[in-house]
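Peer 1: Spelled out, the chains give:
There are 2 protein chains.
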Amino acid sequence: MLGSKEVNFRLVIRALSVLIIIESIFMVLAIPFSLYYGESILPILYSALITAASGGLLFSFVGKKKRKHVGKREAYIIVSLAWIVISLFGTLPFLFSGTFTSFTNAFFETMSGFTTTGSSVLNDIEAVPKGILFWRSLTHWIGGMGIIVLSLAIMPLLGVGGTQLFAAESPGPAPDKLRPTIAGTAKRLWGIYVILTAAETILLMFGGMSLFDALCHAFGTMATGGFSTQNASIAAYGPYIQYIIIIFMFLAGVNFTLHYFMTQAKWRKIAQNEEFKVYALVLVSFTIIISVLVLFSQTGDIEEIFRNSLFQVVSIVTTTGFVTDNYMLWPSFAWFLIFLLMFAGGSAGSTGGGIKIMRHLLLFKTASVQLKKLIHPRAFIPVRYNGKAVKDEIIFSIMAFFLFFVIIFAMGTAAMSAIGLDFKTAIGATISSLGNIGPAIGGVGPTDNFSEIPDVGKWILSFLMILGRLELFTILVFLSPGFWRK
Amino acid sequence: MLGSKEVNFRLVIRALSVLIIIESIFMVLAIPFSLYYGESILPILYSALITAASGGLLFSFVGKKKRKHVGKREAYIIVSLAWIVISLFGTLPFLFSGTFTSFTNAFFETMSGFTTTGSSVLNDIEAVPKGILFWRSLTHWIGGMGIIVLSLAIMPLLGVGGTQLFAAESPGPAPDKLRPTIAGTAKRLWGIYVILTAAETILLMFGGMSLFDALCHAFGTMATGGFSTQNASIAAYGPYIQYIIIIFMFLAGVNFTLHYFMTQAKWRKIAQNEEFKVYALVLVSFTIIISVLVLFSQTGDIEEIFRNSLFQVVSIVTTTGFVTDNYMLWPSFAWFLIFLLMFAGGSAGSTGGGIKIMRHLLLFKTASVQLKKLIHPRAFIPVRYNGKAVKDEIIFSIMAFFLFFVIIFAMGTAAMSAIGLDFKTAIGATISSLGNIGPAIGGVGPTDNFSEIPDVGKWILSFLMILGRLELFTILVFLSPGFWRK
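Chains A and B are the protein sequences, given in the same order. Heads up: the first sequence at position 470 corresponds to 475 in my numbering, and the numbers run straight through without jumps. Heads up: the second sequence at position 326 corresponds to 331 in my numbering, and the numbers run straight through without jumps.
It is worth saying that the hints were derived from the structure and are not from the lab. Please read all numbers here as calculations on a predicted model, not as lab measurements. For each residue, glycine too, the CB sits at the ideal point set by N, CA and C. Any given hint could turn out to be false.
[Said to hold, decoys possible] Footprint (simulated), chain A over chain B, 3 or more residues, beta carbon under 8 Å:
hint : region
1    : 13-26
2    : 159-171
3    : 231-239
4    : 364-372
5    : 468-482
[Unchecked claim] The calculated PhoX-like cross-link candidates involving lysine-lysine, where the alpha carbons are at most 25 Å apart (straight line), are:
hint : chain 1 : residue 1 : chain 2 : residue 2
6    : A       : Lys370    : B       : Lys77
7    : A       : Lys370    : A       : Lys393
8    : B       : Lys378    : A       : Lys396
9    : B       : Lys396    : B       : Lys378
10   : A       : Lys370    : B       : Lys370
11   : A       : Lys396    : A       : Lys282
12   : B       : Lys274    : B       : Lys370
13   : B       : Lys378    : A       : Lys370
Produce the entire structure from the sequences given, and follow the hints as far as they go.
Peer 2: Printed below as a string of structure tokens:
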């Protein structure tokens with residue numbers, strides 16, 4: 006069994022109550038925008054008060070106690086419940102403002118926000134009060150903050166799906182010292198996250214965006230979320246803004262440890278990082294192929310075609326989901342490539358979701374080594390990553406991740422098919438949710454949204470979002486009967 | 006390097022020349038049917054003579070020498086080239102009879118035959134001379150013979166993709182003796198294959214089929230091929246014949262080692278075989294679900310709906326590809342399940358193609374063990390199969406098989422998309438060819454054929470057929486530059 010035999014539920018509830026209180030503080034941040042745009046602040050105020058009160062009540066219920074070690078068991082429970090609980094409270098502004106009358110829709114939108122998916126059920130985004138839209142984009146940013154710490158500090162300790170490798174060179178004290186504290190790692194990474202968000206906001210404002218729009222889009226970019234304040238997504242803006250967003254989507258899809266190395270001027274470490282090289286290679290090569298394909302089928306400005314191709318490739322690989330062009334109108338092979346890229350995922354330790362480049366790389370290496378072993382049966386050939394041999398147990402956990410991803414993808418698609426979605430839409434909605442992307446193909450393409458999906462489908466997709474966002478295993482362990490057995 | 010440093014090409018050529026001579030003898034078997042149906046025997050006679058002469062010439066070129074050990078290197082080359090060479094000569098009857106004027110079509114049909122795929126480019130099967138149709142079905146049967154020996158005797162020695170496990174209990178002398186000779190194993194398994202084919206032929210004749218039709222369909226069934234002599238496939242026949250074919254498809258999809266156990270009355274070994282249990286469970290459960298789905302959407306005879314559902318489930322899982330009903334007209338969830346089953350594959354060591362139930366089972370167990378290890382970090386939990394712990398190296402090779410399958414499937418689908426096939430057809434044609442199934446979805450559904458696919462697509466699909474049929478690795482090793490380097 007994990008850690009002690011009894012789950013310390015006081016510890017779990019205390020952690021969740023702190024998260025809920027923090028959430029209420031974030032909610033308050035939307036109020037200035039409501040005021041500025043002359044909207045009622047009541048929906049957000051009520052939401053924040055109820056959230057804060059609930060968190061406070063919960064906290065007082067378990068009482069403040071001296072610091073106690075959070076075991077692995079508690080960590081699984083806290084992480085799994087955290088996304089659910091903050092999504093539940095996160096629906097309040099949507100419900101109180103009347104943006105959604107259906108709880109299902111509000112929950113789908115909020116879960117989509119916190120999991121940095123970016124799939125929307127809003128039919129007219131621009132009709133929604135700015136304060137509410139700010140909260141909507143903020144859910145992305147909060148989710149992104151959570152993910153950076155989870156993937157680089159917490160999950161590696163749990164050993165979930167090979168996440169140890171994500172954090173192998175995580176920023177912390179010198180390697181001769183003990184494991185860096187989670188809090189220390191979190192502070193360094195959040196610092197980078199905040200700075201990048203601020204930088205993007207300023208650059209977007211230079212392009213003519215209001216502070217409101219700039220912040221919302223910076224949140225959506227840095228969290229690889231994808232919620233926009235415009236119905237036309239990023240197609241509503243000009244080339245300058247589109248290029249800025251491309252750059253920051255690219256940065257958000259990079260392992261945040263590399264950003265940390267950059268602050269330390271450890272250029273060699275960045276240049277030698279295999280995942281980063283493959284990530285860049287995938288983006289460049291697919292952009293070139295897709296640009297050429299679109300160029301030969303459409304008349305138009307070469308720069309614009311290149312920009313749209315680059316934008317969509319970066320947006321999909323990083324699992325952001327912003328849109329500048331309806332790729333479903335491209336030649337079918339071009340959007341097929343976009344569809345394939347939905348299975349890529351960003352870099353490990355980034356805010357991007359999905360399978361992740363690092364896992365693909367290690368799986369490919371493992372398969373290649375097996376092929377080599379058939380040719381050289383007596384040779385010992387280890388799988389190497391960034392120059393070091395990777396342990397079998399890490400390979401096994403990455404394999405298991407991939408297998409569960411495939412199984413869940415197949416089951417999700419079957420479920421979507423069972424509730425009546427057509428083949429393309431069922432596949433698209435499933436990979437988009439499981440990979441935390443946003444737009445997909447078929448009936449949930451780049452210019453569609455998820456409002457037409459039946460309610461039961463929205464719940465299934467919400468479940469896929471959290472499954473994918475928490476690297477599958479967190480939720481799978483949480484749901485295993487064996488986890489709860491004494 | 007594998008075995009000796011130099012490839013013994015004399016050995017390779019001798020083996021291939023013997024195969025070619027054997028192929029010519031099989032061709033001659035079609036002549037009585039040409040005579041009986043009053044057709045010209047010349048196309049087949051010429052083909053057989055040219056094939057025999059080529060084989061003889063090749064054989065005399067390398068000369069008869071005293072028996073020499075065939076090393077692993079030679080085995081890879083012989084196996085890879087065998088399917089290509091016999092497919093090349095196998096086109097002759099089609100070309101001489103004018104059944105095909107395009108070499109591409111003739112090669113596609115022949116490769117589809119020898120790989121027991123059963124995808125056809127014939128638009129009017131019933132217009133083709135019976136002798137040629139007999140040869141067409143015979144290619145299935147020859148391919149099936151080859152596969153049984155390959156998968157249970159030759160590939161396990163090469164260690165291809167976990168095939169060691171296929172043959173773990175292969176029929177041979179008592180375990181205390183040394184490894185059974187390939188020839189001994191082959192004879193036992195071929196005996197079973199011949200007996201089952203004869204039994205099915207007789208039972209089909211009881212149902213009113215002519216000897217010709219009964220033999221052709223028995224060949225197509227036992228090889229899990231799928232070529233029929235009728236344009237309507239098995240929909241042209243009544244319930245009795247359909248049930249007979251269901252039973253023999255089921256038997257053909259079982260590991261032939263279990264048939265051997267049956268002849269030895271080792272019932273316990275059959276009952277305890279995990280793959281067999283899962284195979285049966287998949288067939289039963291999917292048949293029930295699909296029957297119910299079809300029942301609620303169509304009016305019709307319950308027995309007929311059940312029979313069609315059962316027939317298609319067994320046909321697709323065993324990768325046979327016979328058809329009694331156009332499943333694309335079923336409710337979309339029902340044919341989606343049929344589509345999912347295309348990724349199943351028959352049992353290991355059967356004539357069925359695809360991923361195979363055993364690999365799925367072991368992959369699922371491996372993933373589950375990883376999940377358990379997260380819950381019980383200190384426990385040692387091996388992956389067990391039929392009561393025995395499976396070595397890590399076998400798991401690794403099965404994983405590598407799965408990864409290459411996924412990669413090749415993605416690349417194949419992309420290639421099909423690139424040459425202009427729509428999404429559904431591209432996916433369907435690829436899995437159908439790689440899994441050696443036959444019919445698929447979209448434009449290559451159960452009532453369509455592959456004639457509309459552009460020529461380059463037919464070559465790619467032919468390549469996928471041989472890749473899938475030879476468990477991927479045989480061809481991948483053969484194509485590796487490292488394999489040929491000294």
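Peer 1: Of the numbered hints stated previously, which ones are contradicted by the structure, given in increasing order?
Peer 2: 1, 3
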